[in-house]
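Chains as they are written, first to last, in the working numbering: chain H, 1 to 764; chain E, 765 to 1185.
Just so you know, these hints were derived from the structure itself, not from any lab. Just so we're clear, the structure is a prediction, and the values are computed from it rather than from any experiment. We put the beta carbon where it would ideally sit given N, CA and C, even for glycine. Hints are not guaranteed to be accurate.
Derived lysine-lysine pairs resembling DSS-like cross-links, with alpha carbons at most 27 Å apart [claimed, not checked]:
| id | chain 1 | residue 1 | chain 2 | residue 2 |
| --- | --- | --- | --- | --- |
| 1 | H | 397 | E | 795 |
| 2 | E | 795 | H | 37 |
| 3 | E | 795 | H | 57 |
| 4 | E | 986 | E | 795 |
From the derived model, a few chain H residues whose C-beta atoms are all more than 10 Å from chain E [unchecked claim]:
| id | residue |
| --- | --- |
| 5 | 211 |
| 6 | 284 |
| 7 | 426 |
| 8 | 459 |
| 9 | 696 |
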Amino acid sequence: MLNIEIDGKQLTVEPGTSIIDAADAAGIYIPRFCYHKKLSVAANCRMCLVQVEKVPKPLPACATLVTDGMKVMTRSEIAIKAQKAVMEFLLINHPLDCPICDQGGECDLQDLAVGYGTGASRYTEEKRVVFNKNIGPLITTDMTRCINCTRCVRFGQEIGGMMEMGQTGRGEHAEITTFVERSINSELSGNIIDLCPVGALTSKPFRYSARAWELTARPSVSPHDGLGANLTVQTRSNQVMRVLPRDNEDINECWLSDKDRFAYEGLNSADRLQHPMIKRDGAWHECSWQEALDFAATQLKRIRDEQGEEQIAALASPHATLEELYLLQKLVRGIGSNNIDHRLRQPDFSADAGLQGAPWLGMSIADLSQLNSVLVVGSTLRADHPLIAMRLRQAAKRGAQLNLINPVDDDLLCPVANKSIVAPDAMVAALDQVRRALAGESADVTAQAIAASLKGGERKAVLLGNLAQHHPRYAELHALAQQIAELAGAQFGFLGEASNSVGAYLAGAVPSDGGMNAAQMLDDPRRAYILLGVEAELDSYNPGKTLAALQAAQLVVSLCAYKGKAPDYAHVLLPVAPFTETSGTFVNTEGRAQSFNAVVKPLGEARPAWKVLRVLGNLMELAGFDYDSSEQVQAEALTGDLSAKLNNRLKASATATAGLSVNGLQRIGEVSAYHADAIVRRAASLQKTAAAAIPGAWMNGETLAKVGATEGMDITVRQGEGHAVLKAMRDDRLPASCVRLAAGHPATTMLGGLMDEIVVERAG
Amino acid sequence: MANEVIFHSIHLPESWKLENYLKVGGYDALKKVLAEKMAPDAIIEQVKASVLRGRGGAGFPTGLKWSFMPKNYSGDKYLVCNSDEGEPGTFKDRDIIRLNPHQLIEGMIIGGYTLGAKAGYNYIHGEIWECYERFEAALDEARAAGLLGKNILGSGWDFDIHAHHGYGAYVCGEETALLESIEGKKGQPRFKPPFPASFGLYGKPTTINNTETLASIPYIVKHGGQKFLELGIPNNGGTKIFSVSGHVNNPGNFEIGMGTPFSELLKMAGGVKNGRKLKAVIPGGSSVPVVPGEIMMDLTMDYDSIAKAGSYLGAGSVIVMDDTVCMVKALERLSYFYFEESCGQCTPCREGTGWLYRVIHRIEHGLGKPEDLDLLESVAGNIMGRTICALGDAAAMPVQGMLKHYRNEFEYHIQHKKCMV
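Based on the sequences and whatever the hints tell you, model everything.
So this is what it looks like as structure tokens:
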């Protein structure tokens, strides 16, 4: 440890600490623009110049490491003079447009100019103008305001994984820009808005809509992927205006994925259901809550009494809160049915019998950063789990080995040690090869390399992604991955698909005692369905089959925040609140329960779903529905040690049964990232990104030729009764006889199972 | 005492050919090093004894710089020659490469041997393409003759040199920007520390020397450091090539002993053009403060003498100005150069060089204000010592020098909206 002195304060710091870090830790503020704790040191803004005893020139505090006995003066005459000079230089070409700048009120330059600037400028020459760039639908540029701190550039290189921003030109002509006319396409792009210390990069959706000081900031938790990113939701006049990251080193650090950041636009979509609605004589009418709830309760009772409780089934979104899921299952079980599930995109439930707890990450999210070797099975990682992908990328950059068994070969923006890119159907065999290699049996070269990588690492893990969970032979993948982890001494986990994938298990939103799972409820349609936050045609493994089951039902009660296509199959619509309008809890993929409060009042007549379910319970005359708060529900739902309920291991006795195999072409039906849940589907700006475009039918060259198509040609894809006309696209990294075709998008809702057989024809 | 060390063979036709270099004892020093298996430390001692100081402009003792290279480092190390000669007034390195490339190559090979480098790079300025081609041709000759590449002269030791040409950015002459440029990145200086001796090219220990510095090495090895030192004066060893330009009758490069009076150098350059009066001299390239002619005539050409006059010997780039020169116009041109060549990385230089230029441009065009001169001094002072690399200082010093000696010309310009001269 080194003894130093900053502004007369005696400090003891670790060797290798910079002056600015030492000062920050001691609560001494040194002004800065380019320095950021998560980025490399650039030392280019020069704002943090400080005086160091015995050094004639002022030194940048960000780039100067402390030495024993160092005496630093951050506010001496030399230091202040240097800092003020830098401030003057920064301001001479910076426009005086704070009144019309979106950054106004939360601008580092504006704030520091108060302390280090002067009332009038000595600069009387013409100011520099830098032309703006259109870099996509999420970020607005006002590049004349840029102070060239390069935080955005370094973010791309070091965190985002791709260098989308760079500095071209020299001297005064230096400007920050994307590569010639390119847009920003990173799934983490919005972070550069936070990083930009001035108003050069601001949020396009938020632009000109509010002033920073008009906003009220409230903590919340992301309702999207399994990470459970911590959010600061900013509101004004009972409306969500903006979402920013809330620092949590264990989860999202100081970052947010674009989905977490920009999806809020969907909250106030015109499609929001604002009144209870009921279908009378084939037509939809707005009605009172009383009427809607009475109708739902009466009809549910009637079907229970006339046709048996097993004719009632419930499907819930894994994006619903723990409390909602708990009350839904309590309601259904109170009715006497065990038909409840939240795993709408899972086709294979044969491992259920062997489950011993809620499948989870198997470790903490922070542990991912420390892995030496990891095998990811079936994942469109960057799209599904942007910040987990970022953590694995950082680990890979530090030398961790990333291994893949996957049907797609997307660029993970980091070195991949070994990969086996095979058709979905062949993933089981590929995984078995790794098991064989670990067990000392003969195996192919890639499997042996993956096995060696897993064996070699000290901290290692096998992770099953969304594509594995949506796989028709999921149980086999699960069992094999478990064996591999055991043989390699690795952790074993699941990348939770949704904000409450773990919480839904804990809440009991899974069938028990012979109840039907999501697939069975559709294979053997029920008379009545209760839907919680479900958009049937977009959220299920097989949209066609799901819609058919719902349309044939006598009663569909839909608790939903949006209308969507629900009027096509439901009989009563109960408007419920999205996460910003209700209190609740999400249990993220690492098994961390994170509760949050409503940040605004429910829109229109929408009500928190836990309250709606409570009343339904009362109207159904069920016992134990007398809650006063969501906290009471949570307390009942989460009793005992939460971590004891997390378990990825299948019982030894459980044997995986072979699921469906595919002849002909197999669909690789990943879920389009910006169509994965109801809120993000309606986020207008995200929908304008390239990632949200109408999916193409991607095949490798060989498969394209086999189906008689060429790149860019319109083709007809068929699954079951449904078909769609889409563009044929070529990606030679895809395995043969596969058609990669994203689900969740309106253009593909008429199709069948995500990884089922698919027929391709030239469009007539 | 002219042309003793580097230009000793330029009287020969096609002096750049290997056969001609060999005729004047070329590669003898390398042969001696390899035959005697000279200890690297012994070579460094000779370089130290020679008091050879970095010829790129900073004047840092070469022997000391070489001793900074980690000796027991297990990975690769590199030697880089800085031939990115871009400062206005400087044109010596291109003549070394043009007329005597093999001496540079020999110096680099000995340097590589001494420093334990895996390879050498010569970064050649982008606007002197023919020098790049000539250097490549010389490398080919040396390789064919077994002087370079694998198993040099049968010693079992491998060392190769790669020529790398820049694209004309002045800042790439800054050694860490040069390294970035070789690595294929944008030429912007790195923050130091770490210094190249610990984190240089591709993150490996690297020594960077100027062309003239490395071309002096064979002489030192062959004749001993003391002999080299004696070509100059104490603390300023050897000969130095001075590039004399501006208002002289015979501009060009002159290799003379350190400590030679400026008056003698001026005579060698044919005296002031058209017999006019010497007004001022920029003694070390456009970045150093100007020195009035009458002071200059009393100075000798060495680091210490010029420093006493408040300027720098720099790269020995002597810009001579006669009494027809308007100092406002001269400074406008100098400031424009630094405004154009600032890399844009750090704030004071990016913003300050443009500010300086615009104010001076205004004064030159009759739009000056009385307060402009204090402003110029203040802005130059605010750049000075606050930047990542020395380009900021290089932009500030000419302004400071001009205002120190010729403030009256600037005041006249502001008041009368025209030149004093």
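For each hint, the structure was consulted:
no.: 1; hint: H:397 <-> E:795; verdict: 45 Å, violated
no.: 2; hint: E:795 <-> H:37; verdict: 53 Å, violated
no.: 3; hint: E:795 <-> H:57; verdict: 46 Å, violated
no.: 4; hint: E:986 <-> E:795; verdict: 10 Å, holds
no.: 5; hint: 211; verdict: 28 Å, holds
no.: 6; hint: 284; verdict: 61 Å, holds
no.: 7; hint: 426; verdict: 40 Å, holds
no.: 8; hint: 459; verdict: 26 Å, holds
no.: 9; hint: 696; verdict: 35 Å, holds
Hint compliance for this structure: hints 1, 2, 3 are broken, all remaining hints hold.
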